[in-house]
Amino acid sequence: MLHELQSGFMAAVLTGSQTELTSVTPKIREGKLNTAQRVAIYRRNVQSTLRGALGDIFPTTRWMLGDDKFLNVGDQFILHAPSTSGDLNQFGRSFPEFLSAMQPSAAADMAALDWAWHEAFHAAEQAALDLSRLGAVPAEQHAALVFQLHPSARLIGSAYPLLELWQAHQNSEEAPLEISKILPADHHFLAVHRDDANVTLTPLSAPQFHFLKICAEHQPLGEAAEAAFALDANFALQAFLIQTVQQNIVIDFNEPS
Amino acid sequence: MSPHHQSSRPPHALDPLCAGIGLRPPHYQALLGKPAAVGFLEIHSENFFGAGGPPRRYLDKFREDYAISAHGVGLSLGSADRLNPAHLENLKKLIDWLQPSLVSDHLCWVGVNGRYLNDLLPIPYTEESLKHVASHIRQTQDYLSRQMLVENVSSYLEFADSTIPEWDFLREVAQQTGCGILLDVNNIYVNSINHGFDAMQYLDAMQGADIGEIHLAGFQDTGEILIDTHGAAVSDAVWALYASAINRFGAIPTLIEWDTDIPTLDVLLAEAEKANVMLEQASFAMPTREGRRHAT
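Those sequence lines, one after another, are chains U and X.
With this note's numbering, the residue at position 31 of the first sequence is 14, and numbering never jumps.
With this note's numbering, the residue at position 20 of the second sequence is 21, and numbering never jumps.
A couple of the hints might just be wrong.
[To be verified] Interface residues of chain X toward chain U, partial, derived using beta-carbon atoms under 10 Å:
{"id": "1", "residue": "Phe50"}
{"id": "2", "residue": "Ser130"}
{"id": "3", "residue": "Phe160"}
{"id": "4", "residue": "Asp162"}
{"id": "5", "residue": "Pro166"}
{"id": "6", "residue": "Asp169"}
{"id": "7", "residue": "Gly219"}
{"id": "8", "residue": "Met279"}
{"id": "9", "residue": "Gln282"}
{"id": "10", "residue": "Ser284"}
[Claimed, not checked] Per the computed footprint, the stretches of chain U lying under chain X, defined by three or more beta-carbons under 8 Å from a beta-carbon of chain X, are:
{"id": "11", "region": "-12 to 1"}
{"id": "12", "region": "42 to 56"}
{"id": "13", "region": "92 to 99"}
{"id": "14", "region": "118 to 128"}
{"id": "15", "region": "209 to 219"}
Hints listed in this document are in silico derivations from the structure and should not be mistaken for laboratory results.
Just so it is clear, CB atoms sit at the ideal spot from N, CA and C, and this is done for glycine as well.
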């Protein structure tokens, strides 16, 4: 009985449909307010909470779409992919794919960046790598080392200039260019990561992006380097590795057993 | 201190004569400069489930100076679903690290069939629900290896099948599981108006020894119904009901909740001070509550 009651009540609150409301009506006492008014209070509360959570987690996406459009697609998302956790910080994980499935766009890619920022903000701490440890590994073993990225590190590739758009939002609340005018033009890559307490966005070249992507897949340095050199024969491997260690993006490595 | 180290120190003792406030990001900076501004701080546990980053770093600082109460909104103790193992695990990891003075959640359901409305929804007060929610509370307490407090929620409807008054249901839950009660006096008042019962009857049904914490908050009156918004000062009627509660049960750790339209810290501190004055009076009127009255 409890399961049936809760399933029916949830459907009525989520959909707001008359059919669902009719089926729960006999289960709710009337009084000063009728059942429809009572369920509507919960529907408003739930909408307000879930809309608020999406707005908090996807501020740049919201800015790009504008409040009205963001609310509209957000409400569709809430119905299409209801929350699956009692922890609201988990709500919205599939929002980027949802937007992209509606229509690939700069805003859909920005949603992926907003989500990456959100995850990076809450990710675990990990101490920086001591570079001297790397120096102690014989050179002939380097290719077999498997590097580990910081728990906060996320790699994003897009045909849109996400970093410029993101920075524009940081600097101004003014509306951006109309979304339809932002055309996919090029490949843009960046790393989202926490450098100490602050979430940081670092632009990457294509070889740098693919190098880190392969490291993130727990493949050995040799393979990551090969991918980078295939894109740029002059890829400065050592300098980039030192840079990412200093930025706390690369934080550890496993020596070959 | 590293925020990811495991803590083994005992939690700060809670002073029942000194009210606490909800810890919210707009007040982080102001509170950092005031190490003894309030009796304790209460967090929404889920906001600190992430293993690191700024939320945990701030909390790591606050826990040095303050007793912390870890108050959850997502366990869904009254759901027909089984308890969410990932949620339980995240909660356990948090409290193992934090060592909070209190751990609590609500007498409600939040989702069913693996989907969540993320709102505190009322349960039908029946024998079936009682058995079910008691089992979930026992599982949670076993998993966490500690007692939890369970809070009464505001509601805007009653289920036709309910056969047990809410106050009897709440008392029974505590009696059957050994959990404590987080008595939200504002929620009692809101429900008494919304559902037409005498709030004193609710207090009559409580056993003081079960109550581990009291919540106070503000509501919104729509003219037809009271909505528990946590977005206003505590109303006079709720202060009066609070006075009745502490004069009857003795001084109990009390929290001022304010979650929407969050005011400046000073406004919250003034509300907490108002509670402190009443707690002091109650402790003189009824100094017998063992282990509650602060020895001064």
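Interface restraint verdict for Met279 (chain X) against chain U (beta-carbon cut-off 10 Å): 30 Å, violated
Agreement of hint Gly219 (chain X) with chain U interface, Cβ distance less than 10 Å: 16 Å, violated
Confirm or reject the coverage of the region -12 to 1 of chain U by chain X under the rule of 3 or more residues with a beta carbon closer than 8 Å to the chain's beta carbons. n = 7 at 8 Å, threshold three: holds.
Against chain U, is Phe160 (chain X) within 10 Å by beta-carbon distance? 6 Å, holds
So, Ser130 (chain X) near chain U? Judge it on the closest CB pair being under 10 Å. At about 6 Å, which falls below the 10 Å cut-off, the nearest Cβ of chain U leaves the hint on Ser130 (chain X) intact, so it holds.
Per-residue hint verdict: Pro166 (chain X), partner chain U, C-beta under 10 Å: Check failed: Cβ of Pro166 (chain X) comes no nearer than 14 Å to chain U, outside 10 Å.
Outcome, coverage hint (the region 209 to 219 of chain U, chain X; C-beta under 8 Å; three residues): Per the Cβ count (0), the hint is violated.
Do three or more residues from the region 118 to 128 of chain U put their C-beta atoms closer than 8 Å to C-beta atoms of chain X? With 0 residues closer than 8 Å to chain X, the region 118 to 128 of chain U misses the three-residue bar; violated.
Once the shortest beta carbon distance from Asp169 (chain X) to chain U is found, is it less than 10 Å? Hint on Asp169 (chain X): violated, closest Cβ of chain U at ~18 Å, above 10 Å.
Hint validity - Ser284 (chain X) Cβ closer than 10 Å to any chain U Cβ: 37 Å, violated
Status of the Asp162 (chain X) interface restraint (C-beta, 10 Å, chain U): With a closest approach of 7 Å, the Asp162 (chain X) hint holds.
Supplied contact hint for Gln282 (chain X), tested at 10 Å Cβ to chain U: 36 Å, violated
Checked against the numbered hints above, the structure breaks hints 5, 6, 7, 8, 9, 10, 12, 13, 14 and 15 and satisfies the rest.
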